[in-house]
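Asker: Protein sequences appear in the order of chains A and B.
Our numbering numbers the first residue of the first sequence as 1 and each following residue consecutively.
Our numbering numbers the first residue of the second sequence as 1001 and each following residue consecutively.
Think of the hints as simulated: they come from the structure by calculation, not from any bench.
Predicted, not measured: the structure shown is a model, and the values here were computed from it.
Careful, some of the hints might be misleading.
[Said to hold, decoys possible] Every beta carbon over 10 Å from chain A, so not counted as near; a handful from chain B, in silico:
{"#": "1", "residue": "L1006"}
{"#": "2", "residue": "A1176"}
{"#": "3", "residue": "T1233"}
{"#": "4", "residue": "G1355"}
[Claimed, not checked] Listed below are the simulated DSSO-like cross-link pairs for lysine-lysine, each with C-alpha atoms no more than 27 Å apart in a straight line:
{"#": "5", "chain 1": "A", "residue 1": "K92", "chain 2": "A", "residue 2": "K54"}
{"#": "6", "chain 1": "B", "residue 1": "K1286", "chain 2": "B", "residue 2": "K1377"}
{"#": "7", "chain 1": "A", "residue 1": "K54", "chain 2": "B", "residue 2": "K1377"}
{"#": "8", "chain 1": "A", "residue 1": "K99", "chain 2": "B", "residue 2": "K1286"}
{"#": "9", "chain 1": "A", "residue 1": "K99", "chain 2": "A", "residue 2": "K54"}
{"#": "10", "chain 1": "B", "residue 1": "K1286", "chain 2": "A", "residue 2": "K92"}
{"#": "11", "chain 1": "B", "residue 1": "K1431", "chain 2": "B", "residue 2": "K1360"}
{"#": "12", "chain 1": "A", "residue 1": "K99", "chain 2": "B", "residue 2": "K1360"}
{"#": "13", "chain 1": "B", "residue 1": "K1286", "chain 2": "A", "residue 2": "K54"}
Cβ coordinates follow ideal geometry from the N, Cα and C atoms, glycine included.
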Amino acid sequence: MSVPNEALAEEVREALRVVIDPELGYNIVDLGLIYGVAVEDGGVTHVLMTTTTKGCPATDYLRDGARDSAWSVPGVEFVDVTLTYEPPWTPKMMSPAAKEHLGITDGDGW
Amino acid sequence: MIGATLSRWTMSYFAAALIALIAAEGLIAAGFGFPSAPIEAPDTLVVVHIVAIGWLSLLMCGALFQFVPVLVARPIHDNALPLPTLVCLVGGLAMLLLGFLQLAGRVAHGLPFFPAAVALLVLGFILVAWNLGRTMWAARPLTLAARFVTVGLVAFGATVALGSVFALALDGIATAGPLVDLTTFGIPIHAAAGLGGWLTLTAIGVSYRLLAMFMLAPELDRASSRGVLWLGTAALAVLIVGGIVAICHGGSLPLALSAAGLLAAASLGLYGNDILYLYRARKRRKIELNSRMAGAALISLAVCIALTVMLIALGRLGEHIGAVVFLFSFGWLTGLGLGKLYKIVAFVTWLETYGPVLGKTPTPRVQDLVVEPRAIKWFWLYFAAVYVATAALLAGAPLVVRLAAAAMLIATCGIVAQLVRTRCLLDVTDKLRLPAGVRQPQLLYATPRQT
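Make a model of the complete structure from these sequences and hints.
Answerer: Next up, the structure:
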C-alpha cells in the first residue's frame, strides 16, 4: 500500500469510529472489531471485521454501518466489507481506552 | 448470511404474555383459585394455565423466535409464521380456560371448549416446533444452547400431548382405560415436563448464551454444561417414559418421579456451578440490571430446591407442593423472564430503530434506552413479594398470599411501564432520539428492514 493509500486507510479507520457496538456502547475500532483496513489504488477499500459474538442480531447493521462510514471518506470510491470469525473476538482485543470505559479488567484467560 | 434477523412478532408475544401475567396476579390477589380454593379446583387450573401458557410459554416462544437465530447464527425459517402461531396459542388458551370454567359450573355446558382448545394448542405447538425446528435443522451440527432448546421443544410436545389427553378425558371423548388413568395420575408428569423440561431446560440453554453475551464472559461448552444437558434429558426421559409406563402398566409412579427428581437435581447442581463460573469469569465487573435479576432468579431456584429437599425430609412435600410450584414459577421462571425482558425489549428496539442508521449518524447505546435506577425498585418489590407469598403459603395464610400477590401485581405494572417507555424511546435524550432516517417503532410489532 502506497503512502497516500495508508493515509486514506487511516482516515477510514477514523471514520469507522462513528459506528458503535450497540450493546457495549463503544466504537468498533477501539473495541477491536476491525481486523484490517486496506485501500487499493483508485480508492477501492477493503474492511475486515468481526462482531463480539457469532450470530449477533446487530451483525448486518454493523457491517452496513462500517460500509457507509468508510464510503463517507473523500477519496474512497468503493468499499468491500468482509466478516470473519477467525480469530474469534475476545475482550483482550480492546484498546486500553475501551477497556477503561467499560470497566473491564485485564487478566489471564478469555 | 451470518447474522440473525429481527423477529417481527416477538413484541406481540411479549405484550400478550405480560397481559396474562398481570391477569394471573390479579386473580390470585382477588382470591380466585389456590390458595383461596383447593389446588385441584378448576379455578386453580384457570390461574395455573394463564401462568404456564399465557405468560411463560408465550414469553418463551417470543424470545425463541428472536434468539434461536442468534444461537445458531442463521435467520429464522419463516418470519411471518409466528403471528398465526400466536393466534392459535392465545385462542387455544382461551378455549382451555372456558373449559375449566365450564367444569366449575361458571359457564354453560354444551359447547366443546376442551376439544377446541386441544385443536388450537396442538396446532400452535406444531407451528412453533416446525419454525424453530427447521431453523435449527439447517444449522446442524447444533451448538450446546440449541441442543437445550431442542430438548425443551420435545418436552413442550410431551406436555401438550399429555394436556390434550387430560382435556379430552375431562370432556368425555377419551374414555379408554389407560387415558383415564393418565388423567387421574399423570398431572405431576404434565406439570414437571412443562415447568422443568420445556421452560427450565430451554431457559438454561438460552441463559448460557445470553449471560455470556451480556456479561462478556466466555461461552461455555465444557463437560459440566454438557452434563447439565444429558442429566436433564435423562430426567425428562425417566419422568415421561417411566411415569407413563408406571401409570399404564401398574408400576411405581413415585419411584419414577423420585428417579427423575434426583437426575434433575444433579443437572441443576452442575448448572449452578457453571453459572457461578460465568459470573466469576465475566469481564464486565459492573453488571446490568438484567444480569443482576437473573442472579436473583437463580437464587430463587436454589431456594426452591433446598425447600423441596427439606420438605421431602420432613415428609411434607405433598402438603406444601403449592408453595414449591409457586416459588419455582414466580421466583425462578418469572424472575428470570422479567429480568431478561427488560434487556431484550431495549435491545430489539435499538436494532429496529437505530440499526439502519448505524454509520450514518451518531446513535445512542442500548443502555441509553433504559433508566435502571428507576426500574430496579420494581424488581426488588417483585422478588420481595414473591418470598412473602411463598412464606405465607407455607404458613397457611391465604390473606397474606393475596396481599403479596397484589404487591407482585403492582411491581409487574411498574416493570411494564418501564418496558413501554423503552419501546417508545421516552428515556432517550432529545438530541439522539430521532435523528434523520429514524422512525418511531411500533409498540406491538417490529418492522424489519428490507434486504
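Asker: Could you grab the alpha-carbon distance between K92 of chain A and K54 of chain A and see if it respects the 27 Å cut-off?
Answerer: With a Cα-Cα distance of about 17 Å, the restraint between K92 of chain A and K54 of chain A holds, given a limit of 27 Å.
Asker: Given the hint that K1286 of chain B pairs with K92 of chain A, does the C-alpha gap stay at or below 27 Å?
Answerer: holds, 18 Å
Asker: Does K99 of chain A pair with K1286 of chain B here, judged by a C-alpha cut-off of 27 Å?
Answerer: holds, 12 Å
Asker: Straight-line Cα separation of K1431 of chain B and K1360 of chain B no greater than 27 Å?
Answerer: Distance ~15 Å between K1431 of chain B and K1360 of chain B Cα, so the pair holds.
Asker: Would you assess whether G1355 of chain B, listed as outside the interface, keeps its beta-carbon beyond 10 Å of every beta-carbon in chain A?
Answerer: Non-interface label on G1355 of chain B violated, nearest chain A Cβ at 4 Å vs cutoff 10 Å.
Asker: Is the hinted pair K54 of chain A and K1377 of chain B satisfied, with a Cα-Cα distance of at most 27 Å?
Answerer: At roughly 34 Å apart (the allowed maximum being 27 Å), K1377 of chain B and K54 of chain A break the hint.
Asker: For the pair supplied as a hint, K99 of chain A and K54 of chain A, is the alpha-carbon distance within the 27 Å limit?
Answerer: With Cα atoms ~21 Å apart, K99 of chain A and K54 of chain A stay inside 27 Å; holds.
Asker: Measure nothing beyond the straight line between the CA atoms of K99 of chain A and K1360 of chain B; if it is 27 Å or shorter, mark the hint as holding.
Answerer: holds, 25 Å
Asker: Has the given pair, K1286 of chain B with K54 of chain A, been kept, meaning a C-alpha gap of at most 27 Å?
Answerer: holds, 24 Å
Asker: Is it correct that the beta-carbon of L1006 of chain B has no partner in chain A closer than or equal to 10 Å?
Answerer: At about 7 Å from chain A, L1006 of chain B fails to clear the 10 Å cut-off, so the statement is violated.
Asker: T1233 of chain B: least C-beta distance to chain A exceeds 10 Å?
Answerer: About 24 Å separates T1233 of chain B from the closest Cβ of chain A, which puts it past 10 Å; holds.
Asker: If we take the beta carbon of A1176 of chain B, is the closest beta carbon in chain A still more than 10 Å away?
Answerer: holds, 46 Å
The structure does not agree with the numbered hints 1, 4 and 7 stated previously, though it agrees with the rest.
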